[in-house]
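Q: Same order as they appear, the protein sequences are chains A and B. Mapping the first sequence onto our numbering, position 118 (from 1) lands on 118, and the numbers just tick up by one. All you need for our numbering is the position in the second sequence, starting with 1, plus 353.
Keep in mind the hints are simulated off the structure, nothing from the lab. Treat each hint with caution, since some may be false.
Claimed, not checked - With beta-carbon atoms standing in for the labels, derived distance ranges:
1. Arg729/B with Ser47/A: 33 to 39 Å
2. Glu377/B with Asp191/A: 53 to 59 Å
3. Pro228/A with Ile634/B: 38 to 44 Å
4. Ala628/B with Ser47/A: 53 to 59 Å
5. Ala353/A with Ile634/B: 44 to 50 Å
6. Glu377/B with Gly60/A: 30 to 36 Å
7. Glu635/B with Asp130/A: 29 to 35 Å
8. Thr85/A with Asp583/B: 56 to 62 Å
9. Ala353/A with Lys558/B: 57 to 63 Å
10. Thr126/A with Gly712/B: 33 to 39 Å
11. Thr207/A with Pro370/B: 46 to 52 Å
12. Gly37/A with Met627/B: 35 to 41 Å
13. Arg729/B with Pro187/A: 54 to 60 Å
14. Lys2/A with Ala628/B: 40 to 46 Å
The beta-carbon is built from N, C-alpha and C at its ideal position, and this holds for glycine as well.
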Amino acid sequence: MKVMVAMSGGVDSSVAAALLVEQGHEVVGVTMRLWGGESDTGCCSVSDVDDARRVAQQLGIDHLVFNFTEDFNEHVVNPYVLAHTQGITPNPCIECNRHVKFARLSERAALLGFDAVATGHHARVTADTDGDFELERGADRNKDQSYVVHMIDQAELSRTMFPVGGMTKPQVRTHAARLGLRTATKPDSQDVCFITSTGGRSTFLGTRIPFRRATMVDTEGVEVGEVPAVEMVTLGQRRGLGLAGGGPKQFVVDIDVEHAVVTIGDESHLRTSEQTVRNMSWVRSAAHGASFGEVLVQCSAHGMPQRASVSVDADGTTANVSWLEPQRRIAPGQSMVFYDPSDRFVLGGGICA
Amino acid sequence: MNAADTLTYLDHAATTPMRAEAVEAMLPFLTDRFANPSGSHRFARSVRQAVDEARDVVADVVGCSPGEVVFTGCGTESDNAAIVGTQRRHGGVGVCSAAEHHAVLHAVEHGGGRVVNVDAAGRVDLAALAEALDDDVSVVSVMTVNNEVGSINPIPDVAAIVREHAPRALLHTDAVQAPCWIDLRSISRHVDLLALSAHKFGGPKGVGVLFERQGTVLEPLLQGGGQERDRRSGTHNVAGIVAMAEALRLADIERADETIRLTALRDRLVDTLMAELPDVIETVPRLLKIAGSAHVCIADVESEALLYLLDEAGVCASAASACASGAMEPSHVLAAMGVEKRYSLGALRMSLGRTTTDGDVDNAITVLVGAVRRLRGVTS
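Chain B on its own, in the form it takes in the complex (with noise of 0.2 Å):
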């Protein structure tokens, strides 16, 4: 199935597609360059160097040193190097919001941390967040944007506030849906610890990015070779972190244009469907959120009867995570942010991305406005 032809994909908070600087990138070491990185000799030398050369890309985007950038797997292996390495080397709690990844939330959870309230647009209640933190407590996570709504955390804030509650603490902030529309380096500088996943950005899927500020020791998740300076062994993905750090480097040098071209487009498409369709909400106001996210609750619909109304008209969209089965989840994220059930059952997740064009929105809109028709028994 070629995407770009037959569908309308409104799901780049998902995956976006890998951009073709990347491809081109990463290919080399799919064939000719093949070596380890870790050997010896002058050819694992001349990929080693690929390496280090990704890697001042990504400290320079992220806005760091470069030995403070962990190559992972992906954006839940970083979240829960942060969150558990933290734990096992310093012990400690973990606190985080509740609308949190699972990635993130379910490491909290799972190592009998505290869950703070978000208020109605998701964010952290940072009086909750005060009221949290204590000696006790080693590890703080907030994710910079939520992936399902799309609000921004205000992580200057949050730092503040863990720094005078749990000075002792780690600051950790899931920054996966980030990099296309914020700045990492006005993140970065307020955190300990900062997470990203490269298929998020324009790079391939199975490579991730941990910042870990210097001066940082997390216990490892993984026991092995001792790569990345002890932090993350495992024998590099050569061919997906140069691909990431060419992923990363455009999407930043794209982002103040791109957010200016896409807060157009998904302004559209909400307004445009909230005056078509009555008894429509938009979960997030804008102004708290990203360009690119585009989340409706729809009154009197099931998101799965819509979403399968708009696959059927190659309309990609979600509406909250999906179980192992594949089954769509209740959303915990609107459950934390306390929407009423009525509209979080019609639930609808469209984001925005680089190969999202006009046309995408026309196509949306007069696919939904006639699935929510249908749905509701109106004859439009």
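For reference, chain A alone in the conformation it holds in the complex (with noise of 0.2 Å):
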């Protein structure tokens, strides 16, 4: 097969192309430069570009930049930025993969053509008997990243490609030394791409929307004190908000964006038995308006799945989640994943309302 492999300059990508061309398949490697602005990598990543490239000049195969940074400007920084000014934390790196991973590189990889895309991700695509393809999470369960991937539907999982979704971490660095490749020790990427770990959320925010200082009040709406940028405060957040030690943790439980208040309260106030997802996406299309007894929902990157009921409407893109023991609610923005009860399969997943 003709193979387009999306190399970020990481152990894993590296990794994944090395094994499909020991595999014998025909492989391009695809570096995306997706942030024109300053990153932690510095000016668009250079680094990572070189040693993506390095890793298939290595390889022998022929190594490509593409500009995809209006895309990623225009489905996930300004989105990111919007959001925040309306009290929702979103997940970035889940809209990069569904806007441009698995979309506008996936068809230019089609136009171009090439029959699959592969990434260094820890997930796992497995066909069964019928034909129908399955999004499974990875060997390595502590580096799974089906949750970051949970969008690929039937059409794109056809062309998709996690070549290291069966090896675990070591497995991957093993591999990496074994053949030589200069990115084998080099660290894992934790936090988003174009976020500075010295400037932060805040900098990178404080530059683009004007900041709001808001109240804090208890759940009886007393004034317990101030923040100084709504902007900035997330559901369920704990730390950073200047209270007092002693007494019950508390936490945000509300933040009313509008009229710049935010609400704390001792983690009761957290608790709910029900929570609604938007903007579902299935791993098989049949999910519209089912039912599902029980599966298990994910809530962050490396989140513990939790058992709940799930009820989905008639055109499949809301679902009510009842959770089987109350859980903390999640802060609207963050994508909830659904996984079948063997925790195993990702069956589909959307945004918390």
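Starting from two chains that each stand alone, build the complex the way the hints lay out.
A: Rendered as structure tokens:
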């Protein structure tokens, strides 16, 4: 097959490319230039592009750089900034996968005659006996990234490859070391690529939107302090509120962005048995109007999945989650991903309302 | 990879292959004649003679006296030496056109200068230029030939305006794309400073020229041994200088014939593409540009995707300049010209040169027509 492999310059995608070459595919490496501004790795992450290119050279495959900065701004950065003005906390990596990697890049690959797009994600694509595709957790449960790629549908799965999905991270690094790849010991990237570790989220947002001070009240409405930027507050947040210690732990339990009021309270005020999920996508299309008696729902990249029943509206876009045991409310904008009861297969996912 | 055998090379504006005569000319200075021309022994003097003779040749083609020729490390250095060197010596601000090469544009912007609009062909807007000039301006830079779209600026008209509206300012021209197409003697007499780069006319990479009119005083970029009459310190790249002079001499001799030959090839290339493919625009009218430039904008196609398919078929072309990562940047030249985005997204620069043949044009047409149809989803 002719495979386009997205190479970030990290060890996982380096090994993904190497495995595809070993399997005899015709492989071309592509590094996407996504962010034109400041980042931890320098202007347009040139050092990461260098790493990707050098690995490609070592593997004897072509390497290209695609400039998707406009798409990234339009679909990831601008919505990210806007959401914070609305009290919403989005996951930009998921939006990048949804709109750039498994859309823009994949469309371009198809246009250029590639049979598949591969990435270094720790997830697995498997075909069942009917020829349908399943999206399965990666073999390394600690590094599993099925959560961030949950939005890939059947059509897209049919042309998606995750070559390292069946390996553990140590196996990936061992393989990279055995091949002498320069990225073998490169640390994992942790953070949002367009936010620097020195400036953080507040610097990034502070230069793009006006911050508004917010009054902090308790659940009785009594003023207990203030926060410098309501745009920086997330539901469920506990740290950075400037509260005195002692007493039960206090959390942000409500954010009224319009009136710039943040309500804090103890954990009981966060507990809920219901959660609405919008913008649902499904690995299989058959979920419209369905009810799932028991699924596992994961609410962050490495969060513990919790048991719930789910009912889906007729057009499949909204799901109502009923937790078997009450959970802390999930911040609006976060992705909630449903897995089958065996906790192996992604059913679908969406964005917490 | 042997370019001649496997590739259809239409990227001569990026770099053009070295002439065999230039390679021949430089070899002795990479081997036996290795002396430093600034030395005081007979071995050094003989190498010094080669540099002096190269300077005579360059001066003859540029149309200046040998003392006005300064050898530099590249075209970018020459542009920077002209703009930054003027500002450091004389203060004031720089003025340039919005379609300049980044070697000029960034140098002017870095010095707090002024950027003047261009017309739809990428030529400096003369009225806007006059408007931007005053006594604070110490250097004006307008390129002879645009590196992306190939348009030719009216340097004599530019000079008249500069002399009238900023009589104390120096006029610099980045003539890096000019030597194969335009007689430099017709340009140099209007300007104070002029930049060249050897690898654009069959010389090696890593050597350039700055013509500095007699009486022009700049602050040198480099402090050091005072070579080039204190105008450019650093040991001479003797082999490069000698090869550059030979390449420039030959380009000058062949210019008229090559221009006729390549005009015909370029016209056939562009005419055929536009006949075969709907919704393709020729970015700059042919009368306003050099013979070697075929620049088109293809609607509903993305340059990056198109370049991939061309590359896959062995056709080397380009779109705009690349950033440090290697990604294509949206063209500041097309933006300044006001080209609609629907077209500028599909920009394609094919640049022809001395080694371009009929067969190259045939092949480029076949590949390009097929690639565009494929990207547009047209079954041919």
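Q: Okay, which hints does this one fail, numbers in order?
A: Failing hints, ascending: 3, 4, 7, 10, 13, 14.
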